[in-house]
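J.: Here is how the chains run, residue by residue.
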Amino acid sequence: MFLRLGERNIHLLKESTHIQQSRLASYCKTGIKPELIGVIEENLHHYRRLVFNIGVDTIETAYPITHSFLPSDVWNKLLHDFYAEHKCQTPQVWRMPLEFYEYCVEKNIQAQLNIPFLNDLLYFEWLELEIHTMDDIAYPQINIEGDILLNTIALNPEHKLIKLNYPVHIVAPTEMKDEAGDYFLLMYREKETGNIQFIDVSILYAYIIEQLQSGIRLQDILAEADSLFQINNFEQLKEHVLIFIDDLKKRNFILGFLN
Amino acid sequence: MKLISNKHIGIGFRKDFSEELLDSDTLKPAFIELAPENWIGMGGYWKKQLDKAAEKYPITCHGLSLSIGSPDELDFDFLNKIKKFIKQYNVQIYSEHLSYAKCDNAHLYDLLPIPFKKDAVKHIVARIKQVQEILEMPLAIENVSYYTPVAAEMDEATFISEIVNESGCNLLLDVNNVYVNSFNHNYSAKEFINKLPLNKVSYIHMAGHEQISDTVIIDTHGQAVIEKVYELFEYTTALIKPVPVLLERDFNIPELEELQTELTRMETIVSKTWRKEHSLA
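Protein chains in written order, with the numbering used here: chain A, 1 to 259; chain B, 1001 to 1281.
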């Protein structure tokens, strides 16, 4: 009778074999030499070097700004600690830099290094990579013609609107002063080229984009925003927002109108 | 120079040269190989490039993270994603490394040597059967390069042969890895090949390497294939049935003309060897 194996865990290794494998793997992560049976001692370091270099290359490619900003000894220690302490979960190495960002947040590295904008900088760099590579999102059926105020506006679905505490998207880290605040950034992927576009937006415009994401008509958003932001001048608000909306159309973020 | 049609030799699909490969005919591989880990879940520009590549060439897949020799449980979620990818791109060959890349719940993204032990053979045989059952296709398992054995109780050729024979999987014979290991561990590459289950070879890899000392070669895939590896390749092809052959070039990518020269040389070798075999049949 043919026994189907299915998705059950198979573990036929002896404990002694598992221990040898664990020790070698642990050495690759930490660089601390283990006791291993029957190895060529002088060749062991190649494994540590090769494993560590893959991680370093991947992370440095994902975070070029942070890498060039941090002093090399600080950067190298951070990578060393990450590799030693963190257990990478993704089987896809190109997604691993996200885990590096999460590690830095969890360990509060920005406080340790006294760089209050480090989390934002890493997040910004990761998001560019993420939006560039993320799975395709289906574009909606759209009409080119429509009433900008009364019809539902169709947005490029491949976007993220994020809030930052520091303006890492417009100020180089070496120039960053005590500029903590609320900063909003729209990032989206152009359909034809796959390139990533960035737009720095005010809190008002971030609110409008967020409402448009929910499918609310611009006319209603403006009415709400007029009171929410205590502008109390609907016509003036409309005039400014329509210029912004027109800019988003020209930049291919607004695609048209939903059917 | 006599032009030959490339029927057997493929190239590893690298993002570094994907545009030039897809937009020109400088390089004429019979197929392309890619690591599914590097493409699953990817959209945008690279998805378009992948789809374009799939229209132009047959695709084989060579995995990196299955970690067949790991003490850890197989990642069934990811295996099912691989299965979906294989179906989507009509992949006829899926291969993986006879090594482990994950241990104690941590991915390492490189290939560590499995202890050549009987219990490891049993463990891997059962897992290969499980993978084949889930994927509903045979797995080709690759002999990897290694720089030290760990707790070995048998020789490498016996370890590979027992796994291939007992699991019923195919063998991806990496000729460069045989050469690298024979140099690093001081044995005869030809004798090693003779000991393998050559009737199970379904795929061949060729690559360059870097000798970093008098006693160590690192399997870098960053240089041209050397003469001695071509000699070993010719020796090997005379012993096996025709199979697809792949040139791996992952770093220091040269002009595509240079890669084409390597593909042509390999095709010349196999067309001579395998035509002769065919005419004898």
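Watch out, some of these pointers could steer you wrong.
Only pairs whose alpha carbons sit at most 25 Å apart, straight line, appear in this in silico BS3-like list of lysine-lysine [to be verified]:
# : chain 1 : residue 1 : chain 2 : residue 2
1 : A       : K14       : B       : K1117
2 : B       : K1122     : B       : K1087
3 : B       : K1047     : A       : K191
4 : A       : K238      : A       : K191
5 : B       : K1118     : A       : K14
From chain A, some residues computed to sit far from chain B (all C-beta separations above 12 Å) [said to hold, decoys possible]:
#  : residue
6  : S22
7  : P91
8  : N143
9  : F184
10 : I254
To list a few chain A residues with every Cβ distance to chain B over 10 Å, as calculated [stated by the list, open to error]:
#  : residue
11 : E7
12 : I10
13 : H11
14 : T17
15 : Q20
16 : I40
17 : L50
18 : V51
19 : L161
20 : P167
21 : N195
22 : Q213
23 : L237
Hints are computed from structural coordinates only; laboratory data are not their basis. We put the CB at the ideal spot given by N, CA and C, even for glycine.
J.: Confirm or reject: A/T17 is not an interface residue toward chain B, with every Cβ-Cβ distance exceeding 10 Å.
T.: 5 Å, violated
J.: Are all beta-carbon distances from A/H11 to chain B longer than 10 Å?
T.: Non-interface label fails for A/H11: nearest chain B Cβ at 7 Å, not farther than 10 Å.
J.: Does A/P167 really sit off the interface, with its C-beta more than 10 Å from all C-beta atoms of chain B?
T.: It holds; A/P167 is separated from chain B by about 26 Å at its closest Cβ, greater than 10 Å.
J.: Looking at A/I10 again, its CB stays over 10 Å from all of chain B?
T.: The claim breaks: A/I10 does not keep its Cβ more than 10 Å from every Cβ of chain B (closest is about 5 Å).
J.: Given the hinted pair B/K1122 and B/K1087, is their alpha-carbon gap at most 25 Å?
T.: 29 Å, violated
J.: Between the alpha carbons of A/K14 and B/K1117, is the straight-line distance 25 Å or under?
T.: Since the Cα atoms of A/K14 and B/K1117 sit roughly 10 Å apart, the hinted pair holds (cutoff 25 Å).
J.: In terms of Cβ atoms, is chain B entirely out of 10 Å range of A/Q213?
T.: At about 19 Å from chain B, A/Q213 clears the 10 Å cut-off, so the statement holds.
J.: Quick check for students: does the CB of A/L50 sit more than 10 Å from each CB in chain B?
T.: 5 Å, violated
J.: Run the C-beta distances from A/E7 to all of chain B and say if the shortest one exceeds 10 Å.
T.: 4 Å, violated
J.: Report holds if the minimum CB distance from A/N195 to chain B is greater than 10 Å, and violated otherwise.
T.: 8 Å, violated
J.: Verify this label for me: A/L237 is non-interface relative to chain B, using a Cβ-Cβ cutoff of 10 Å.
T.: The claim holds: A/L237 sits with its nearest Cβ about 35 Å from chain B, beyond 10 Å.
J.: A cut-off of 10 Å on Cβ-Cβ distance, and A/I40 was said to be off the interface with chain B. Does that hold?
T.: 4 Å, violated
Of the numbered hints stated above, those contradicted by the structure are hints 2, 4, 6, 7, 11, 12, 13, 14, 15, 16, 17, 18 and 21, listed in ascending order.
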